[in-house]
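A.B. asks: Knowing the structure of chain S, use the given hints to seat chain P on it.
So the sequence lines, in the order shown, correspond to chains S and P. If you're matching positions, the first sequence starts at 1 in this note's numbering and goes up one per residue. If you're matching positions, the second sequence starts at 1001 in this note's numbering and goes up one per residue.
Don't take each hint at face value.
As the list claims (entries may be wrong) - Derived list of chain P stretches under chain S, where covered just means 3 residues or more per stretch with a C-beta under 8 Å from a C-beta of chain S:
| # | stretch |
| --- | --- |
| 1 | 1159-1166 |
| 2 | 1176-1190 |
Stated by the list, open to error - Residues from chain S that face chain P, not an exhaustive set, calculated with beta carbons under 7 Å:
| # | residue |
| --- | --- |
| 3 | 40 |
| 4 | 89 |
| 5 | 91 |
Don't read these hints as lab results, they were simulated from the structure. The structure presented is a predicted model; accordingly, all values stated were derived computationally and were not measured. Cβ atoms here follow ideal geometry from the backbone N, Cα and C, with glycine treated the same way.
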Amino acid sequence: MNQGIEPYLLVSGILFAIGFAGVVLRRNIIVIFMCLEMMLSAANLTLVAFSRHYATPLSTPDYQAHVLLFFIITVAAAEVAVGLAIIVALFRTRRSIDSDSVSALKF
Amino acid sequence: MPAYYLEIIVVLLGLAVLTFDAVGRVEDKRSLAGLGVLGLIVVFFLLFKTSKPADPGSVFWKFYATDALAFFFKGIAILTTIVVLLMANDFIPVLQRFGPPVEAKAHPQSGFAEFVALPLFLCAGLMWMASANHLVSIFVSLELVTVTFYVLVAYLRRHELSLEAGVKYLILGALSTGLLVYGLAWLYGATGALDLSGIEGALATTENPLPALFALAFILAAMAFKVGALPTAFWIPDVYQGAPTPVTALLAVGSKSAGFIVLMRLMTPFLKSELLSGKVVAVLAIMAVATLLYGNFAALLQSNVKRLLGYSSISHAGFLVLALASAPSHGGALETPATTVAFYLASYAITALLAFLVLSIVSAARHGDDLNSFRGLAKASPFLALLMLLSMASMAGVPLTIGFWGKFFVFQQAVFSRLWLPLGVAVIGAAAGFYYYFRLIFSMYLETATGADGNPLGKDTLTKIGAGSRIAMILLALAIIGFGFFPGSILALLR
Chain S
1 MNQGIEPYLL VSGILFAIGF AGVVLRRNII VIFMCLEMML SAANLTLVAF
51 SRHYATPLST PDYQAHVLLF FIITVAAAEV AVGLAIIVAL FRTRRSIDSD
101 SVSALKF
Chain P
1001 MPAYYLEIIV VLLGLAVLTF DAVGRVEDKR SLAGLGVLGL IVVFFLLFKT
1051 SKPADPGSVF WKFYATDALA FFFKGIAILT TIVVLLMAND FIPVLQRFGP
1101 PVEAKAHPQS GFAEFVALPL FLCAGLMWMA SANHLVSIFV SLELVTVTFY
1151 VLVAYLRRHE LSLEAGVKYL ILGALSTGLL VYGLAWLYGA TGALDLSGIE
1201 GALATTENPL PALFALAFIL AAMAFKVGAL PTAFWIPDVY QGAPTPVTAL
1251 LAVGSKSAGF IVLMRLMTPF LKSELLSGKV VAVLAIMAVA TLLYGNFAAL
1301 LQSNVKRLLG YSSISHAGFL VLALASAPSH GGALETPATT VAFYLASYAI
1351 TALLAFLVLS IVSAARHGDD LNSFRGLAKA SPFLALLMLL SMASMAGVPL
1401 TIGFWGKFFV FQQAVFSRLW LPLGVAVIGA AAGFYYYFRL IFSMYLETAT
1451 GADGNPLGKD TLTKIGAGSR IAMILLALAI IGFGFFPGSI LALLR
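Next up, chain P with everything else stripped away, as it sits in the complex:
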């Protein structure tokens, strides 16, 4: 089966969800999410059954890459969407309260089918991004993802913060689109090619680097928006806090990982060019330092857990940009840095999805996502507290969790490339991370929560966890520890 069938199947799956909702008279709409999850699990296994292109020279494969990296990121996109759909199932009460207004006679869960179908379309977009190899396919897949996110972020139309986050994401997202398109136009102007191999050939022989660097400035600013790195990361805390929690998880993991593979593909021609690579590395190193400083130090002051995860996502982007900046020491082949970035993103995906699953359950039960909602969680629900402990430990990079290996490989790269200053900042940033991640753990285990009435918050609502999310949480927790012991099994997928 050709690889591009996978995206088509995912789009059809989204359409099937909408069709069943329209004609099927579904009583409990959670079965729609179930349909989506089952379909995605099938697609995930089909990922290993794809065939190599029969005619790799033909025009189509200029638009669509089928390397190991592409499949790896398609896998991340699919697994993320599965977890997000499971999260959406538990999110129905919030949707009913704040979602699109429901007419009196309509189904009480109406509006949920779209909340399932849109992440599926988005998943197809993320999978296309993983394979995008040509400026046209990069642009179109990126915009498929961005425009779908506009809808999803503002989905809780009657909730003030969600709508506000939607407007902010809309304006800044459209701004980054404008920057990206202008940068792509100049990249075309500098090289005369739209496919990345053609661009690579043209940049390798170019004598005047100025147009390409001009294009690079715009492209970097736009892609930094997608992956959440400075100079365009300021939207992240606001939008993460305002968006519905499943959408925040999708933004944090899906958008960031797909954004990074596009960024890597776009940077490869620059990093391979003799004339440009030194300058590009300097810019990337500055970006990494600024992102690490901003993400880690702003996170120290946060009391809202969703916002905290937003700043932590910025700081993770800083580590990833640092890995990218250390590319040319390997002959510009970018292979080892690409592996590092892919591994780090896989570890971040597993860790962050677990954190968002716990967060969405706790915030739905306790009607809030600030630090206070997590106080005394260990007494109310030892299960959730333990999972959050694991997730935070992995985010901070405690040894024998998967997050440790992610940071370890990044530091190793930076040492090989002698990027001493960014490395120092990264180490300080990682140390700051220990403070704010462990403050959350401290709140869960050593403090007691008091509700609005002054009494300790009970455990009654916390035990209502859907079977799907429960299984997903246990599997993610096992993955954090399991891959912490055997990181090589992820790396093997990339060869």
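One chain only, chain S, in its complex shape:
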């Protein structure tokens, strides 16, 4: 049980790094979007870990952080709903969801 907070932070940090790397490196917009969701999950895991870390002596976690977490999940769902619609519109006009195909706007 009481192995401290570090493993949780490490896992969430790795999750965040994988998500970030995916956003930067991948070319498929759907995969990029999945990686973005992974970054949000990493933040959620961090929040839960810290809320256990700041547990009161009666060992209930700090529920404030849980409230933020539920808002993050809700907002992520809203973001996906709008985002996928935009990606579908892009696919209809370009027949491609490759991020290299969005390059008409340039310096």
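C.D. replies: Relative to the frame of chain S, chain P by itself:
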């Protein structure tokens, strides 16, 4: 009336617009925008009628600030949305050409009601941001604004550039959300509090600054995205150019000003902490220098006016970050820098809205927003050319315009705080600004435009300006000059 009623009224107003469109069989949908504008004008005056919270200690007011700064930024958000709705009215022809596909039997203006309702919801989000005082309310209001912008930027679904701008804004916006959330989680981890006063208390006594600085890096990167500062400002030119012009105006003014008040509120605990303030100032100063250099020098090469305004918006963000960086010299109270930032944003809002109003009329009439569309504008429409001249002069910071005072106060702050290097860069940046703003003026007054057929572009379509936008343009122009003579009247609102 409690202050939070205002946001509820604005949301209801947006719902009313949608309802009237659905059940009311509105013939000319421009009346929907009119409804929105009238409602917002009422809300603007209600802003001065709000009451102080009866029980300031209760939990709700941990989430919601009601200081002068919050009301000031709510005012900016409302006025911006009013101008944007007026701009949207003149934008209907473009929406009909490129907007969501319309079925044969549907109303020819269908899809316009959403284009009015979404900015209203967005306005409510901006007003919440102005009052957000707790990590939860900061996050939720920020996302309300961002997700609405995803829809609005990609609104011209059949226009290649708008869709592309929408996809770019979507991915980079979601990325900045991810960075922000991770930063907020670590800020909570470093302090054990989610409300900003609790965070301030914890940071003042902290002994290990590393977790807080780790959180700060992510938060700064995410907020820099919202306000258009480096290291995450690269989306701005593309999205500004691709988005529908009213949405670009809303992005430039609304998103930036609300982003800055959230940034100020988030930075205050860091700047007040003895241990951290020096490091935070160094980071902010570097951000300001990089933003000023990038914005001003990239703007020198632009030939598209919308893109030019994008780079100019980056350079204005640079001045604003510089004002923020000069906070601790005032005992960390952040009061004077907050006033400077608020004044600068008000001046930028007035100036940029006027520029975008003229731009949207010219680009709709001449089917283009590059420099060529502005050539010879002084002959085709002296009225529009004069307004653009005023706006550009104020952007560059010519004395006796409101933009001059904005830059003047920023420079004054930087001198007080002895930030000599960033100040030098800011002065060079302001000088570069004179070049690219005045090049536009030069094109309007001294060159003649030639259309695709080789003939000079006529004035026929330029005279069709809606009465609402005409009044808004004249009022904004008067504000640029009036507040240029009496900047104190804006500052008085902040006390």
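A.B. asks: Work down the list of hints and note, for each, if the structure agrees.
C.D. replies: Results for each hint:
Counting residues of the stretch 1159-1166 of chain P whose CB lies closer than 8 Å to any CB of chain S gives 6, so the stated coverage by that chain holds, three being the minimum. For the stretch 1176-1190 of chain P, the assignment as covered by chain S holds, since 10 residues bring a beta-carbon within under 8 Å of that chain's beta-carbons and 3 suffice. Interface hint at residue 40(S): satisfied, since its Cβ lies 6 Å from the closest Cβ of chain P, which is below the 7 Å cut-off. For residue 89(S), the interface hint holds, since its Cβ comes within 7 Å of a Cβ in chain P; the closest pair sits about 5 Å apart.
At about 10 Å, the closest approach between the beta carbon of residue 91(S) and any beta carbon in chain P exceeds 7 Å, and the interface hint on this residue is violated.
Of the numbered hints listed earlier, the single one contradicted by the structure is hint 5.
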